[in-house]
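> Spelled out, the chains give:
Number of protein chains: 2
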Amino acid sequence: MDISKYMNRAELDTLDKQPLYLQIALLIADKIQKQILPSGTKLPPERELANLFAVSRTTAINAYRKLEQQGLVWTKVGSGTYVAQAHDVESLSEVPWPQLFTAYPQNPLASILRDIVSTPARGTISLAAGMPDPALYPLETFTELFNHNIGRVAPADFGHIPVEGYNPLRRAIATMLSEKGIPALTENILTLSGSQQGLYLLSKVLLEPGDYVVMEAPTFIGAIQVFQAAGARVLSLPCSEKLSLELLEDFLIRYRPKLLYIIPTYQNPTGRVMSAQERQDLIKLAKRHRLVIVEDDPYSDLCYGEQPPQALKALDSYGGVVYLGTFSKILFPGLRTGYLAGPPILINRLALEKQFIDLHTNNIAQWLVTMFLNEGKLAEHLTAVRREYKKRRDTMAKALQRSCANDLEFTVPEGGFYFWCKLKHAGTSQRVLQEAAKNRISFVPGAAFHTAPTLDKEFRLCFTTHNEAVLLESVQRLAKTLTQITKKNKDNEAMPCSVWPII
Amino acid sequence: MDISKYMNRAELDTLDKQPLYLQIALLIADKIQKQILPSGTKLPPERELANLFAVSRTTAINAYRKLEQQGLVWTKVGSGTYVAQAHDVESLSEVPWPQLFTAYPQNPLASILRDIVSTPARGTISLAAGMPDPALYPLETFTELFNHNIGRVAPADFGHIPVEGYNPLRRAIATMLSEKGIPALTENILTLSGSQQGLYLLSKVLLEPGDYVVMEAPTFIGAIQVFQAAGARVLSLPCSEKLSLELLEDFLIRYRPKLLYIIPTYQNPTGRVMSAQERQDLIKLAKRHRLVIVEDDPYSDLCYGEQPPQALKALDSYGGVVYLGTFSKILFPGLRTGYLAGPPILINRLALEKQFIDLHTNNIAQWLVTMFLNEGKLAEHLTAVRREYKKRRDTMAKALQRSCANDLEFTVPEGGFYFWCKLKHAGTSQRVLQEAAKNRISFVPGAAFHTAPTLDKEFRLCFTTHNEAVLLESVQRLAKTLTQITKKNKDNEAMPCSVWPII
Chain A
1 MDISKYMNRA
11 ELDTLDKQPL
21 YLQIALLIAD
31 KIQKQILPSG
41 TKLPPERELA
51 NLFAVSRTTA
61 INAYRKLEQQ
71 GLVWTKVGSG
81 TYVAQAHDVE
91 SLSEVPWPQL
101 FTAYPQNPLA
111 SILRDIVSTP
121 ARGTISLAAG
131 MPDPALYPLE
141 TFTELFNHNI
151 GRVAPADFGH
161 IPVEGYNPLR
171 RAIATMLSEK
181 GIPALTENIL
191 TLSGSQQGLY
201 LLSKVLLEPG
211 DYVVMEAPTF
221 IGAIQVFQAA
231 GARVLSLPCS
241 EKLSLELLED
251 FLIRYRPKLL
261 YIIPTYQNPT
271 GRVMSAQERQ
281 DLIKLAKRHR
291 LVIVEDDPYS
301 DLCYGEQPPQ
311 ALKALDSYGG
321 VVYLGTFSKI
331 LFPGLRTGYL
341 AGPPILINRL
351 ALEKQFIDLH
361 TNNIAQWLVT
371 MFLNEGKLAE
381 HLTAVRREYK
391 KRRDTMAKAL
401 QRSCANDLEF
411 TVPEGGFYFW
421 CKLKHAGTSQ
431 RVLQEAAKNR
441 ISFVPGAAFH
451 TAPTLDKEFR
461 LCFTTHNEAV
471 LLESVQRLAK
481 TLTQITKKNK
491 DNEAMPCSVW
501 PII
Chain B
1 MDISKYMNRA
11 ELDTLDKQPL
21 YLQIALLIAD
31 KIQKQILPSG
41 TKLPPERELA
51 NLFAVSRTTA
61 INAYRKLEQQ
71 GLVWTKVGSG
81 TYVAQAHDVE
91 SLSEVPWPQL
101 FTAYPQNPLA
111 SILRDIVSTP
121 ARGTISLAAG
131 MPDPALYPLE
141 TFTELFNHNI
151 GRVAPADFGH
161 IPVEGYNPLR
171 RAIATMLSEK
181 GIPALTENIL
191 TLSGSQQGLY
201 LLSKVLLEPG
211 DYVVMEAPTF
221 IGAIQVFQAA
231 GARVLSLPCS
241 EKLSLELLED
251 FLIRYRPKLL
261 YIIPTYQNPT
271 GRVMSAQERQ
281 DLIKLAKRHR
291 LVIVEDDPYS
301 DLCYGEQPPQ
311 ALKALDSYGG
321 VVYLGTFSKI
331 LFPGLRTGYL
341 AGPPILINRL
351 ALEKQFIDLH
361 TNNIAQWLVT
371 MFLNEGKLAE
381 HLTAVRREYK
391 KRRDTMAKAL
401 QRSCANDLEF
411 TVPEGGFYFW
421 CKLKHAGTSQ
431 RVLQEAAKNR
441 ISFVPGAAFH
451 TAPTLDKEFR
461 LCFTTHNEAV
471 LLESVQRLAK
481 TLTQITKKNK
491 DNEAMPCSVW
501 PII
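Here the protein sequences come in this chain order: A and B. So in the numbering used here, spot 212 of the first sequence is number 212, and the numbers just go up one at a time. So in the numbering used here, spot 433 of the second sequence is number 433, and the numbers just go up one at a time.
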């Protein structure tokens with residue numbers, strides 16, 4: 001429609017403070033409201049509108065955009081701009097959230113960790129989450145410590161504190177590490193809201209999209225997720241047997257990875273322990289390549305036989321090992337208190353990042369853990385939980401041997417939380433998990449611990465969360481599941497696993 | 001040097017599992033160690049090496065890189081590869097951390113928040129940090145609640161809980177908000193490790209580098225930092241007077257910003273309160289443009305006169321207002337417990353992000369806050385702190401009026417934590433801060449609350465952290481500082497502020 005008879009450039013005031021596009025929009029809006037331009041009217045193309053008012057095309061576009069956002073006109077792509085029906089107004093009023101979200105950096109596996117942490121269905125025994133037994137949480141000790149000390153603490157200790165952490169806790173952790181052969185001063189310690197946060201901060205500070213990281217395969221799901229979310233490409237180092245330093249060196253030369261993430265003691269999920277010799281060889285190689293090693297060590301205090309070898313960090317002669325510890329596995333997860341040990345320059349850079357995330361870790365938890373360490377409560381607690389978890393491990397091992405040995409291989413872990421099992425016969429661990437759900441038992445299938453597709457013959461059972469009676473029941477349910485699957489396999493003569501195209 | 005007499009392609013084993021570059025490197029290393037190739041020998045260029053062994057150039061490069069990492073050769077750029085001196089080995093053994101770090105996303109202002117939170121020099125009165133008075137922390141109530149309830153709580157409540165938060169706390173917060181006219185169910189609430197974390201999560205979920213956000217100017221430093229770290233470009237909406245909705249609409253049309261960040265009640269730092277009419281008009285405009293509003297509301301419970309108007313979230317008719325609350329300002333910062341209210345689809349997406357950062361917020365703090373809310377302790381605590389902070393505000397206002405009125409303009413805030421002051425005469429607030437340090441008093445200069453350079457005439461004083469005696473002393477020190485500066489200005493006949501090139 002030719003609108004030049006209703007309005008023209010003379011009506012614009014170039015001296016007015018109001019932008020020209022707004023003035024044009026107002027002129028048109030006025031004609032629409034007066035129904036001089038009735039609904040359905042096709043308005044001139046943007047170029048014509050620009051000519052009519054002697055303005056730039058951008059100004060014309062902005063005028064239409066403004067009218068569109070007011071619901072007065074609508075644009076049909078490829079056709080033109082039309083005066084809207086009265087009821088078109090308001091129809092688009094809800095915020096379209098999903099369109100606003102940034103791309104989610106993860107594949108659907110991302111929710112595995114969440115699902116594991118979430119509560120399983122009623123009546124199901126979950127051996128999935130890697131959690132200590134709530135019945136063993138030292139809540140009484142914490143209550144005593146709270147009451148003994150709340151009167152003496154400076155209230156300012158519950159105000160803002162440095163990002164790096166509550167200093168008495170940093171000191172206590174440094175002392176604890178030094179006693180384990182890891183030389184550390186207060187300045188080497190960053191307290192974390194759980195060691196997961198350490199992985200997150202390291203990914204922010206060290207990784208750009210496209211960078212390589214080396215990880216054991218299988219390994220901790222949370223670490224895989226954080227590194228992948230940072231856009232890193234994962235190089236997998238098989239770790240069921242001895243680590244291949246040759247393969248690692250090959251990675252170092254070909255890809256120059258930013259870091260190696262490793263759990264040397266009671267590995268999650270395999271339970272494996274690196275020997276002292278392996279550790280020395282790894283450090284020698286890492287030193288030569290100045291490779292950053294992120295050593296995650298949540299389990300080494302939970303040994304049920306002989307003491308494991310010293311941490312990699314204790315052997316660190318080149319300043320390249322970053323050590324992550326946590327109180328979640330030995331005390332309780334709700335403390336959300338972990339720590340990182342490294343050179344001060346790294347601690348400082350990580351703290352700059354952490355301030356954006358939570359300013360600093362929770363003071364109450366940090367204060368409680370400080371007293372727990374300083375009043376020597378950790379040693380006696382560890383003695384108690386080690387004794388109990390060792391009994392559970394032995395009970396579970398015997399039961400698995402008795403009821404599942406035909407279908408499963410497993411090694412008895414020397415410490416930590418997990419049995420790592422391998423199916424001997426046909427079927428995948430995901431299939432077993434589906435059947436197991438019907439028998440009200442759950443665990444984590446092996447594929448979750450890998451970044452690449454696997455044969456999926458393996459799965460992880462956590463033996464620390466439940467008492468012996470429940471563990472025995474869980475093994476019975478697992479055995480029943482495995483028997484059912486073996487029977488079905490015989491009946492169906494299942495095809496060997498194939499890759500089917502997704503169409 | 002021609003090395004073909006010492007080695008040749010016949011020595012490679014293409015059937016060997018060892019990569020060819022490694023085999024080549026080993027051959028050369030052998031000749032170096034036997035000093036057949038003495039130190040200082042120039043090795044053939046990579047192309048020649050590749051021809052010699054009939055391998056690709058990449059293989060040749062990798063062979064040299066491997067030798068270099070072993071310290072056996074070194075490369076002089078533009079010249080060639082040479083056999084190293086024995087002492088060259090090991091010289092590069094320390095990890096070069098700063099070279100490994102990702103680019104820090106912030107300008108040096110980034111550390112302002114940190115510095116404010118950190119402890120000031122001995123004997124200095126700091127009115128910088130926005131903190132409640134530690135003497136008013138309800139630690140006794142918390143101790144009672146702890147002891148009353150620790151025997152009844154299920155230990156599993158101290159294990160892992162959903163990322164979204166401790167459900168009883170989410171429910172209690174939803175109830176609290178509903179009583180304030182903000183309709184909310186449990187599913188609308190995400191508990192946070194401080195409301196700072198809400199800003200961080202929103203930036204991760206909504207902002208890509210280059211996106212626009214609209215912020216008041218001046219505004220909360222922590223929000224500026226988080227949005228800038230996400231790569232967002234900030235559009236500033238002056239807020240000393242009434243907000244200009246015309247300017248905001250202009251921004252919306254020109255730049256299509258991802259969100260508006262706003263503190264409608266007792267704004268930080270200006271203390272300003274948006275009127276009920278302004279709020280309605282803003283919501284009307286936001287609805288038309290389907291603009292996401294992030295409403296930060298840490299202070300509205302701290303009113304010292306009449307009740308402020310209802311939150312923007314209470315007026316939200318289009319599902320676009322995200323509400324942030326915290327217990328840091330009304331209880332104590334060390335709780336590190338805040339919350340976000342929004343549509344479930346947003347809560348879910350934020351929780352997916354939060355799991356990487358800390359799995360979930362601290363259980364002990366969440367459990368304590370739940371009891372505090374459910375046992376009705378908040379109302380009585382708020383009555384007590386409001387009474388005390390009102391007295392402090394009045395004392396401070398009178399003292400400022402009495403001692404600083406010649407040099408300063410300020411408005412008496414109706415709530416919150418801050419006096420926002422403006423210098424009447426020559427000098428900048430940063431200059432005043434420098435002089436003030438000598439008189440052992442500190443505060444935050446106005447420039448810190450802006451994203452663009454300002455005239456820097458303003459600064460913020462927090463009146464809640466210290467008792468009335470200390471506040472009076474602080475005003476005396478400030479008055480002394482201002483007098484000294486006025487005198488110096490007269491002596492020096494200071495030039496008006498100019499922009500000097502940095503050379």
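Calculated from the structure, these hints are not laboratory results. Remember, it's a predicted structure, so these values are computed and weren't measured experimentally. We put the CB at the ideal spot given by N, CA and C, even for glycine. Take these hints with a grain of salt, some might be off.
To be verified - Chain A side only, calculated, beta carbon under 7 Å to chain B, not exhaustive: (1) 84; (2) 131; (3) 332.
To be verified - PhoX-like cross-link-like pairs, simulated, lysine-lysine; straight-line CA separation at most 25 Å: (4) 398/A <-> 422/A; (5) 480/A <-> 424/A; (6) 438/B <-> 284/A; (7) 284/B <-> 31/A; (8) 180/B <-> 284/B; (9) 284/A <-> 34/B; (10) 438/B <-> 424/B; (11) 180/A <-> 284/A; (12) 377/B <-> 422/B; (13) 34/A <-> 284/B; (14) 5/B <-> 31/B; (15) 284/A <-> 242/A.
> None of the hints should be skipped; say for each whether it holds.
We went through each hint and held it up to the structure:
| no. | hint | result |
| --- | --- | --- |
| 1 | 84 | violated, 13 Å |
| 2 | 131 | holds, 6 Å |
| 3 | 332 | holds, 5 Å |
| 4 | 398/A <-> 422/A | holds, 16 Å |
| 5 | 480/A <-> 424/A | holds, 16 Å |
| 6 | 438/B <-> 284/A | violated, 53 Å |
| 7 | 284/B <-> 31/A | holds, 23 Å |
| 8 | 180/B <-> 284/B | holds, 21 Å |
| 9 | 284/A <-> 34/B | holds, 23 Å |
| 10 | 438/B <-> 424/B | holds, 22 Å |
| 11 | 180/A <-> 284/A | holds, 21 Å |
| 12 | 377/B <-> 422/B | violated, 38 Å |
| 13 | 34/A <-> 284/B | holds, 22 Å |
| 14 | 5/B <-> 31/B | holds, 12 Å |
| 15 | 284/A <-> 242/A | holds, 16 Å |
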